[in-house]
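Student: Those sequence lines, one after another, are chains A and B.
By the count of full-length UniProt numbering, the first sequence reaches residue 273 at its end, each step adding exactly one.
By the count of full-length UniProt numbering, the second sequence reaches residue 167 at its end, each step adding exactly one.
Just so you know, not all the hints are guaranteed correct.
[To be verified] Calculated lysine-lysine pairs in the DSSO-like style (CA-CA distance at most 30 Å, straight line):
{"#": "1", "chain 1": "A", "residue 1": "Lys-12", "chain 2": "B", "residue 2": "Lys-143"}
{"#": "2", "chain 1": "A", "residue 1": "Lys-164", "chain 2": "A", "residue 2": "Lys-242"}
{"#": "3", "chain 1": "A", "residue 1": "Lys-153", "chain 2": "A", "residue 2": "Lys-200"}
{"#": "4", "chain 1": "A", "residue 1": "Lys-185", "chain 2": "B", "residue 2": "Lys-143"}
{"#": "5", "chain 1": "A", "residue 1": "Lys-141", "chain 2": "A", "residue 2": "Lys-75"}
{"#": "6", "chain 1": "B", "residue 1": "Lys-164", "chain 2": "B", "residue 2": "Lys-47"}
{"#": "7", "chain 1": "B", "residue 1": "Lys-90", "chain 2": "B", "residue 2": "Lys-106"}
{"#": "8", "chain 1": "A", "residue 1": "Lys-100", "chain 2": "A", "residue 2": "Lys-218"}
{"#": "9", "chain 1": "B", "residue 1": "Lys-143", "chain 2": "A", "residue 2": "Lys-242"}
{"#": "10", "chain 1": "B", "residue 1": "Lys-103", "chain 2": "B", "residue 2": "Lys-143"}
{"#": "11", "chain 1": "B", "residue 1": "Lys-90", "chain 2": "B", "residue 2": "Lys-103"}
{"#": "12", "chain 1": "A", "residue 1": "Lys-164", "chain 2": "A", "residue 2": "Lys-127"}
{"#": "13", "chain 1": "A", "residue 1": "Lys-127", "chain 2": "A", "residue 2": "Lys-153"}
{"#": "14", "chain 1": "A", "residue 1": "Lys-64", "chain 2": "A", "residue 2": "Lys-164"}
{"#": "15", "chain 1": "A", "residue 1": "Lys-132", "chain 2": "A", "residue 2": "Lys-153"}
{"#": "16", "chain 1": "A", "residue 1": "Lys-75", "chain 2": "A", "residue 2": "Lys-164"}
{"#": "17", "chain 1": "A", "residue 1": "Lys-12", "chain 2": "B", "residue 2": "Lys-47"}
{"#": "18", "chain 1": "B", "residue 1": "Lys-164", "chain 2": "A", "residue 2": "Lys-163"}
{"#": "19", "chain 1": "A", "residue 1": "Lys-164", "chain 2": "B", "residue 2": "Lys-143"}
{"#": "20", "chain 1": "B", "residue 1": "Lys-90", "chain 2": "A", "residue 2": "Lys-12"}
{"#": "21", "chain 1": "A", "residue 1": "Lys-132", "chain 2": "A", "residue 2": "Lys-257"}
Think of the hints as simulated: they come from the structure by calculation, not from any bench.
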Amino acid sequence: MQQIFNFVIRNKTSLLFLLLFGIALSMTIQSHSYHRSKFINSANSLTGGVYGTVNSIGQYFDLKEQNSILVEENKRLREQLLNTPSTNDITSIDSTLRDKRFSIIPAQVYKNSYNLPNNYLTINRGKRDSIKQDFGVITSKGIVGIIDNTSNKFSTVLSILSKKSRINAKLKSSNQNGSLTWNTKSPYLAQLEDVSQFAKLNIGDTIVTGGQSAIFPKGIGIGTVQNFSTDATGDTYTIEVKLFNDMTTLQHVYIIKNNDIEEIQNLEALNNE
Amino acid sequence: MNNTLASNTIRFFVLLLAQVTICSNINLLGYINPYIYIIFILLFPVKSNRPLFLLCAFNLGLLVDMFLDSGGVHAGASVALAFVRPIFLKYAFGTLYDHQILKFNKLQLNELVIYISFMTLFHHFIVFNLEIFNIFQILLILKKTLVFSLFTVVLSTLLILLFKARK
């Protein structure tokens, strides 16, 4: 017993090092799987507070650009509104019309990264605003990512610029499905994999979300085809997608809440049993 | 002694804040960011007890990880750097370190640069190994280590000299 104690005391630095390095290593390994460690993430009041302060100063620098993005979006929405056939003559109240399938919550990006293998954003909405894991995040132009961790006031978003992210997407013209991944090379390009060889592809075709998962509604913009190649097996295409969003300058985002998500998940859980 | 404690505590928080608010948003050429928080580990007093040093380095790395959402990458690299520091100290300063009379604000520039360079290369190599976590991408890891280290070495040498001059 005495010898064990002596051994521990003599090598206390090395043992402490092994312990701490082991902890760090296990956290790193955990962070490489899909849903990451609950403790070490930037959705907490300390990091949120610091990033909030920085953001309140930094946001003034690109007000002009953000304004023009918002004006552009307003213009598009107004055009849509004016060109919708009028339905004012129907005055009856139908309670089913009021049950919205998706709600939208606006948020501000506090922190954004785009040069790591797995990138996360921190946004200023959390459990308080009824944000939960696996809600979709978009901008007026296209998709951004999926909510990962939430705290009371803040959330982290797993960006589409991440090795871990796989999002169901399809070609707008031919409805061929694939999954959107990222090869960590450029923040402007993502890859659409597993698209069937039967799909008709042209450079410049639009890629949108597929709507097969409960996270994103169908038809949210992702990007355009930049070029494509046949993958090693020869059965599927891998498409380089030029993203609509400039992922390097995100400021205002929208969180999509699918109001049916619990029902869908319950149903899927039943199937798995 | 009190003075050392205060200056190291201040350095810990100032470097942490500078790292996460400024240095991680530089994105030189689109992706290069310096990791200047390792200055804390570089300049930690030589004659201090080592378990405390390891714990300080681990906590600093952990806080950086928390801000940057990087799992345990920086915590691991920092604690490893703190653990092997005596080897690099001995290599860079030789007898000065052997006789325990090493003071960081009375050093020659070339010795300092050698010390910073080796420490930075070691730290960044571990960071990118843990971050990419794929031995088959060793070329990418080495490339990133070199490019990021260059930026970190230049910036941290300048910062150390700048704050040394004021004393």
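Student: The structure should be examined with respect to each hint, and the outcome stated for every one.
Tutor: To see whether the hints hold, each was checked on the structure:
Only pairs whose Cα atoms come within 30 Å are accepted, and Lys-12 (chain A) paired with Lys-143 (chain B) is rejected, the gap being roughly 36 Å. The suggested pairing of Lys-164 (chain A) with Lys-242 (chain A) holds, with an alpha-carbon distance near 19 Å, which does not exceed 30 Å. With a C-alpha separation of about 45 Å, the suggested pair Lys-153 (chain A) and Lys-200 (chain A) falls outside the 30 Å cut-off, and the hint is violated. Between Lys-185 (chain A) and Lys-143 (chain B) the alpha-carbon distance is near 14 Å, which keeps this suggested pair within the 30 Å criterion.
The straight-line distance between the Cα atoms of Lys-141 (chain A) and Lys-75 (chain A) is roughly 13 Å, inside the 30 Å bound, and the hint therefore holds. A threshold of 30 Å between alpha carbons decides the hint, and for Lys-164 (chain B) with Lys-47 (chain B) the separation of about 19 Å falls inside it, so the pair holds. Straight-line distance between C-alpha atoms of Lys-90 (chain B) and Lys-106 (chain B) comes to about 16 Å, which keeps the hinted pair within the 30 Å bound. This hinted pair checks out: Lys-100 (chain A) and Lys-218 (chain A) have alpha carbons roughly 15 Å apart, not beyond 30 Å.
About 26 Å separates the Cα atoms of Lys-143 (chain B) and Lys-242 (chain A), which keeps this hinted pair within 30 Å; it holds. Of the pairs offered as hints, the one joining Lys-103 (chain B) and Lys-143 (chain B) is violated, with about 33 Å between alpha carbons and a cut-off of 30 Å exceeded. Proximity of Lys-90 (chain B) to Lys-103 (chain B) is assessed by CA-CA distance (about 13 Å); at most 30 Å being required, the pair is judged to hold. A distance of roughly 24 Å separates the Cα atoms of Lys-164 (chain A) and Lys-127 (chain A); the hinted pair therefore holds under the 30 Å criterion.
Distance hint between Lys-127 (chain A) and Lys-153 (chain A) is fulfilled; the C-alpha atoms sit about 6 Å from each other, no more than 30 Å. Of the supplied pair hints, the one linking Lys-64 (chain A) and Lys-164 (chain A) is violated, its CA atoms being roughly 34 Å apart against a limit of 30 Å. Distance restraint check for Lys-132 (chain A) and Lys-153 (chain A): the Cα-Cα separation of roughly 12 Å lies within the 30 Å cut-off, and the hinted pair is therefore satisfied. Of the pairs offered as hints, the one joining Lys-75 (chain A) and Lys-164 (chain A) is violated, with about 35 Å between alpha carbons and a cut-off of 30 Å exceeded.
Between Lys-12 (chain A) and Lys-47 (chain B) the CA atoms are separated by roughly 17 Å; this keeps the pair inside 30 Å, and the hint holds. A C-alpha spacing of about 42 Å is found between Lys-164 (chain B) and Lys-163 (chain A), which places the hinted pair above 30 Å, so the restraint is violated. Taking the CA atoms of Lys-164 (chain A) and Lys-143 (chain B), the gap is about 23 Å. The hint holds against a cut of 30 Å. For the given pair, Lys-90 (chain B) sits about 21 Å from Lys-12 (chain A) by alpha-carbon distance, which is consistent with the 30 Å threshold.
Taking the CA atoms of Lys-132 (chain A) and Lys-257 (chain A), the gap is about 9 Å. The hint holds against a cut of 30 Å.
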